[in-house]
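Here is what each chain is made of, one letter per residue.
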Amino acid sequence: MTAQLGNIALWIGLALALYGVLAAVLGHRRQSGVLLESGYSAVLAHCALVTIALLSLEYALITSDFSIEYVAFNSSENYSIGYKIAGLWGALEGSLLLWAWMQAVLAAQVVLMYRRKHRDFIPYVSAVLMGISAFFLLVLLIPANPFEQHFPVPLEGRGLNPLLEDTSMLIHPLLLYSGYVGFTVPYAFAMAALITGRLTEEWLYITRRWAVTAWVFLTSGIIYGGWWSYHVLGWGGYWAWDPVENASFMPWLVGTAYIHSVMTQEKRGMLKVWNLTLITLTFALVIFGTFLTRSGILNSVHAFTQGAVGYFFLAFLAVILLSTVTLLTYRADQLRTEGTVDSFLSRESAFLFNNLLLITFCFTVFLGTIFPLLAEAIRGVKVSVGEPYFNYVAAPIALGLLFLMGVGPVIPWRGGSWGSLRRNLLGPGIVGLAAGCVTFVFGIRGPWVVATYALAVFVSAIVVQEYYRGIRARRKTAGEGPLQALGQLFIRNRRRYGGFIIHLGVALLAVGIASSSAFQREEEKMLKRGEVLEAGSYQVRFDRLTGSEGPTHVKVHGVFTIFNDNHEVGQMTPALRFYEKRQEPIAEVDYWIGFQEDLYVILGSFDREGGWAVVKVLVNPMVSWIWIGGAVMVLGTLIAMLPSRLLSARSAGEKP
Amino acid sequence: MKKVLIPLSVVPILLLLAYGFWTDPRFVPSPLIEKPAPLFALSLFDGEPLSLDGLRGKVVVVNFWASWCFPACYEEAPVLEGAWRTYKDRDVVVVGVNVQDTEKAAREFMERFQFTFPNGPDPGGKISIDYGVYGIPETFVLDKEGRIAHKHVGAVTADVLSAQIEGLLRRAPVADDNRQEHERGA
Chain A
1 MTAQLGNIAL WIGLALALYG VLAAVLGHRR QSGVLLESGY SAVLAHCALV
51 TIALLSLEYA LITSDFSIEY VAFNSSENYS IGYKIAGLWG ALEGSLLLWA
101 WMQAVLAAQV VLMYRRKHRD FIPYVSAVLM GISAFFLLVL LIPANPFEQH
151 FPVPLEGRGL NPLLEDTSML IHPLLLYSGY VGFTVPYAFA MAALITGRLT
201 EEWLYITRRW AVTAWVFLTS GIIYGGWWSY HVLGWGGYWA WDPVENASFM
251 PWLVGTAYIH SVMTQEKRGM LKVWNLTLIT LTFALVIFGT FLTRSGILNS
301 VHAFTQGAVG YFFLAFLAVI LLSTVTLLTY RADQLRTEGT VDSFLSRESA
351 FLFNNLLLIT FCFTVFLGTI FPLLAEAIRG VKVSVGEPYF NYVAAPIALG
401 LLFLMGVGPV IPWRGGSWGS LRRNLLGPGI VGLAAGCVTF VFGIRGPWVV
451 ATYALAVFVS AIVVQEYYRG IRARRKTAGE GPLQALGQLF IRNRRRYGGF
501 IIHLGVALLA VGIASSSAFQ REEEKMLKRG EVLEAGSYQV RFDRLTGSEG
551 PTHVKVHGVF TIFNDNHEVG QMTPALRFYE KRQEPIAEVD YWIGFQEDLY
601 VILGSFDREG GWAVVKVLVN PMVSWIWIGG AVMVLGTLIA MLPSRLLSAR
651 SAGEKP
Chain B
1 MKKVLIPLSV VPILLLLAYG FWTDPRFVPS PLIEKPAPLF ALSLFDGEPL
51 SLDGLRGKVV VVNFWASWCF PACYEEAPVL EGAWRTYKDR DVVVVGVNVQ
101 DTEKAAREFM ERFQFTFPNG PDPGGKISID YGVYGIPETF VLDKEGRIAH
151 KHVGAVTADV LSAQIEGLLR RAPVADDNRQ EHERGA
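Quick mapping for you: the protein sequence lines, in order, are chains A and B. FYI, the working numbering numbers position 207 of the first sequence as 207, with every residue one higher than the one before it. FYI, the working numbering numbers position 80 of the second sequence as 80, with every residue one higher than the one before it.
If you're looking for bench data, these hints aren't it; they were derived computationally from the structure. Wrong hints could be hidden among the right ones.
Pulled a few chain A residues facing chain B out of the computed Cβ check, cut under 8 Å [stated by the list, open to error]:
(1) Leu314
(2) Ala318
(3) Leu322
(4) Val325
(5) Tyr330
(6) Leu374
(7) Ala377
(8) Met526
(9) Ser605
Result set (DSSO-like, lysine-lysine): computed pairs, CA atoms no more than 30 Å apart in a straight line [to be verified]:
(10) B:Lys104 - A:Lys525
(11) A:Lys555 - B:Lys126
(12) A:Lys525 - B:Lys58
(13) A:Lys528 - B:Lys104
(14) B:Lys35 - A:Lys382
(15) A:Lys382 - B:Lys151
(16) A:Lys382 - B:Lys126
(17) A:Lys555 - B:Lys104
(18) A:Lys528 - B:Lys126
(19) A:Lys555 - A:Lys382
Beyond 12 Å from chain B on every Cβ pair, some chain A residues (computed) [what the hints assert, rightly or not]:
(20) Asn145
(21) Thr200
(22) Met270
(23) Ala284
(24) Gly310
(25) Ile320
(26) Leu356
(27) Leu373
(28) Ala398
(29) Gly427
(30) Val532
(31) Val632
(32) Ile639
Backbone N, C-alpha and C fix where the C-beta goes; we use that ideal spot for every residue, glycine too.
Please put together the full structure from these sequences, using the hints given.
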């Protein structure tokens, strides 16, 4: 019953999406208000129907309706309500339904917000959005139907992959999908601009907030994924350059280039073709990533089960790339730049270099990701491209970006004089160099690490300097107190000052990444009862094994006493979880997180009688800086995006 | 005309991605093929010792299994026992290496499938690491000179096993200098 309801909702939803495309295009061509309105209504009705489909699947998951194959394979009677709900994005079919639903909600929101305001744009925006939605529903109805039924009905579901049984499962995929889906809105506007030929800055102003919103979701989703991997997967790392991680990182890189580069178009009317290229490329990379994850053409820990879905996504990617590139080529003449780069030392050129580096970064990641495929196609050999390649190429690019992050915001548009450059950069430059020297004196030798520290301090010093100058200026001119002046900075120029905070977050993140990758210590040993393993300043003593039973698994804990410099500091109990329905045990790591370093203990194999256990101990320096940096980036974005109306209303109210 | 050509530049990328459908990223040829098999010694469940070194001159099937590996190990267990019974008089030995298991469960498994070929545990997983075992079950077929001739991932079938064994039995007898070279290498 639920299955039929879901399927019917999807079929009608598909019909409505197709009608939405036709009505919008024809309505705009014939200037028929009635047709356009009916098209918009179709968008809203489409949203309602996909919502019904989504709720049907959720209902089946919550009530453990195992007659639906998806529920039987990805949920369990024993789950708490959270995991039952999260079963929606636990596997291929459900996650695509979630995607389609987010897509439908955004389309509805766009139509409701803008149909009266941008009458020439919205028909095509809504046509593009409905086209994308139609594709997703087609996939849901043919190769990846979440409402497929299963006979005979099993008594109990198979449950999620145990690695997904973590509270992060309730957060990380949602953040990431919101980011991915969010980029479809700017894409749709860009396509509408290309189709209609209305290539003024209109599309850019509308979509700026959408792009930044999508960006912050993608950013937090990626960083949260790192945290998940770090505290659950039990290998002590947060990033492995896995194809699927790369698939999320590539749109992030190009999206980041886009939200910087739009400023050049706003201020100088430059880079029009470039901005359209960037935003369409971001979206294409999102679909490319989805294709990678769901086609099984590359080996990855994240891979979903495979099927015909891959063919559909490849076809869709082909349509997107061909149509976008064709439109861009066709309109290129109309997109001639108004301004030019006047000086090498100007904000424009800093943005250009920033774009260049980000795109280079994206290309190297792309190359590394698909290289195994390329090598096999051309030479017939199996190769794998691992972390060393990516780290090797990423480090210099990332340092270049860090440098530009400091310099860019303090060089004026159109170019500054040497004097102003000196005034803005001398202080932070000296502070950064001093920081580099200090780390060197303290015995840190890796050139990449020292450079990262120096540049991170340089960037932070610039941020502090700009805040200080901003506040001082307001105190002088408006006679405000320091806090009030700070508030006014956010209100009057929230993009700039929010942006500085994001940069500060990136600096923290960079320090965390550099320290943890350069100075990680790892020890592994088989310990008999009472034996001790040394790792850094820590001693880890194996005491005993204990067991416990969870709802879906049996857990074996190793009890370890930890000493720091031979002082007892506490106990850690890493565990292995054994699932009845799965073959291999899942490690549950135990960790202490600190500002300076994390201690991370993993239980390997062990003797049933408790005589010995294999333990792996990692000392990971400054990993928490990554999470803090991520939080600061999100905070900065929120400041940059504070709604202007709210702010001006408040500041007006405060004025006497 | 030029304008038509620019969009076509995306075609090679699409073709490359499409090519991915014809490859299997999970199929990775083992670098151990044609290399001398890592030597190991087992203390068998029946108490006897077994050393791979002592099996030189015979075709050896080394199977990595565990009682918790369901269903693949359960599927292939009768196949291994069958191969052992068919070939044991023709200079073929099947050796079971029990991985990450408890003795009790392993013995139950062996009883269930009435194993008569030599089986022993791999404490600490050392042997599986030497053989680069990635997932259980995996089966290695060694030729008479002690080189790994074939690696099978997943449940092995009777067809594969007998084809491999027959092929190696038909090979020319051991050349002496070959063996010496191997011994120096090992």
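>> Of all the hints numbered above, which does this structure not satisfy? Sort the numbers upward.
In response: Numbers 12, 19, 23, 24, 25, 27 - these are the hints that the structure violates, sorted from lowest upward.
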